Amino acid sequence: GAGVSQSPSNKVTEKGKDVELRCDPISGHTALYWYRQSLGQGLEFLIYFQGNSAPDKSGLPSDRFSAERTGGSVSTLTIQRTQQEDSAVYLCASSPSSGYNEQFFGPGTRLTVL
Amino acid sequence: SQELEQSPQSLIVQEGKNLTINCTSSKTLYGLYWYKQKYGEGLIFLMMLQKGGEEKSHEKITAKLDEKKQQSSLHITASQPSHAGIYLCGAYYTDSWGKLQFGAGTQVVVTP
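Respectively, the protein sequence lines represent chains A and B.
If you count by my numbering, then the first sequence holds residues 354 to 467, one letter each, in order.
If you count by my numbering, then the second sequence holds residues 115 to 226, one letter each, in order.
Keep in mind the hints are simulated off the structure, nothing from the lab.
Incorrect hints may appear among the rest.
Said to hold, decoys possible - With a straight-line cut-off of 30 Å between C-alpha atoms, the simulated BS3-like cross-links for lysine-lysine are:
| no. | chain 1 | residue 1 | chain 2 | residue 2 |
| --- | --- | --- | --- | --- |
| 1 | A | Lys370 | A | Lys410 |
| 2 | B | Lys182 | B | Lys165 |
| 3 | B | Lys152 | A | Lys364 |
| 4 | A | Lys410 | B | Lys141 |
| 5 | B | Lys152 | A | Lys410 |
| 6 | B | Lys152 | B | Lys141 |
| 7 | A | Lys364 | B | Lys150 |
| 8 | B | Lys131 | B | Lys174 |
| 9 | B | Lys152 | A | Lys368 |
| 10 | B | Lys182 | B | Lys131 |
| 11 | B | Lys178 | B | Lys131 |
| 12 | B | Lys150 | A | Lys410 |
What you are looking at is a predicted structure, and each value in this text was computed from that prediction instead of being measured.
Let's have the full structure, built from the sequences with the hints guiding it.
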């Protein structure tokens with residue numbers, strides 16, 4: 354079956370612009386996660402959604418970052434007024450439910466802020 | 115994550131040789147995952163360990179969990195070029211429901 358997909362695969366933007374990153378989880382997976390992978394910081398948790406529950410936003414680094422999940426499926430991570438330090442690979446993962454389950458990762462979106 | 119220390123940071127191994135990567139947690143683990151990542155790709159699940167003393171193998175890769183030390187090791191026997199990549203350990207803790215916390219990763223290079 355289809356895995357987690359993300360788009361775009363690469364995004365280059367200018368400092369100060371807004372960007373939207375998209376994630377399509379595996380069909381039927383109720384939990385969806387966003388992570389960021391950058392040099393020197395490793396892979397860090399940003400936010401996760403579980404069904405219709407309020408998302409856990411505890412990992413979002415600033416209020417410029419937001420995410421939504423429509424219809425319990427597709428998710429969009431939005432970064433407003435991008436800064437150079439936002440340059441990273443943004444990974445999305447999904448799992449059949451939240452909790453202590455295997456997370457299936459997408460290929461990521463490489464964001465470069467000039 | 116400072117709670118999860120992974121070592122070494124990188125290693126170069128000759129094809130056919132064995133290698134070991136360690137992942138040590140500063141607090142009690144609920145579960146430990148091993149993933150592999152190649153450049154430009156997502157994380158590929160390798161194994162999950164949950165119980166102390168648990169050991170799992172898949173092809174030439176073996177992972178163990180030492181509950182007393184809160185440490186996991188990933189061992190590759192007779193390495194091949196296909197084993198090259200970044201290996202990441204990820205941990206679940208009882209106070210971080212649903213959030214995997216990752217080590218910094220180990221870059222493995224396999225030379226002819």
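Agreement of Lys152 (chain B) and Lys368 (chain A) with the hint, judged by alpha carbon distance not exceeding 30 Å | Judged against 30 Å, a Cα distance of about 28 Å means the pair holds.
Is the Cα-Cα distance between Lys370 (chain A) and Lys410 (chain A) 30 Å or less?
-> Holds - the C-alpha atoms of Lys410 (chain A) and Lys370 (chain A) are around 22 Å apart, at most 30 Å.
Proposed proximity, Lys410 (chain A) with Lys150 (chain B) (alpha carbon, max 30 Å) | holds, 26 Å
Restraint check for Lys131 (chain B) with Lys174 (chain B), where alpha carbons must lie at most 30 Å apart = holds, 12 Å
Can the restraint linking Lys152 (chain B) and Lys141 (chain B) be considered satisfied, given a maximum Cα separation of 30 Å?
-> holds, 29 Å
With a cut-off of 30 Å on the C-alpha distance, tell me whether Lys182 (chain B) and Lys131 (chain B) pass.
-> Between Lys182 (chain B) and Lys131 (chain B) the Cα gap is close to 29 Å, so the pair holds against 30 Å.
Compare the distance between the alpha carbons of Lys410 (chain A) and Lys141 (chain B) with 30 Å, and conclude whether the hinted pair is satisfied.
-> Holds, because 23 Å separates the two Cα atoms, which is no more than 30 Å.
Lys152 (chain B) and Lys364 (chain A): Cα distance at most 30 Å?
-> holds, 19 Å
Would you mind confirming whether the straight-line C-alpha gap from Lys182 (chain B) to Lys165 (chain B) stays at or under 30 Å?
-> Since the Cα atoms of Lys182 (chain B) and Lys165 (chain B) sit roughly 11 Å apart, the hinted pair holds (cutoff 30 Å).
Keeping to a limit of 30 Å between CA atoms, is the pair of Lys178 (chain B) and Lys131 (chain B) held or broken?
-> holds, 19 Å
Given the hinted pair Lys152 (chain B) and Lys410 (chain A), is their alpha-carbon gap at most 30 Å?
-> holds, 28 Å
Straight-line Cα separation of Lys364 (chain A) and Lys150 (chain B) no greater than 30 Å?
-> Within the cut-off at roughly 24 Å; holds.
Comparing the model with each numbered hint stated earlier shows that all of them hold.
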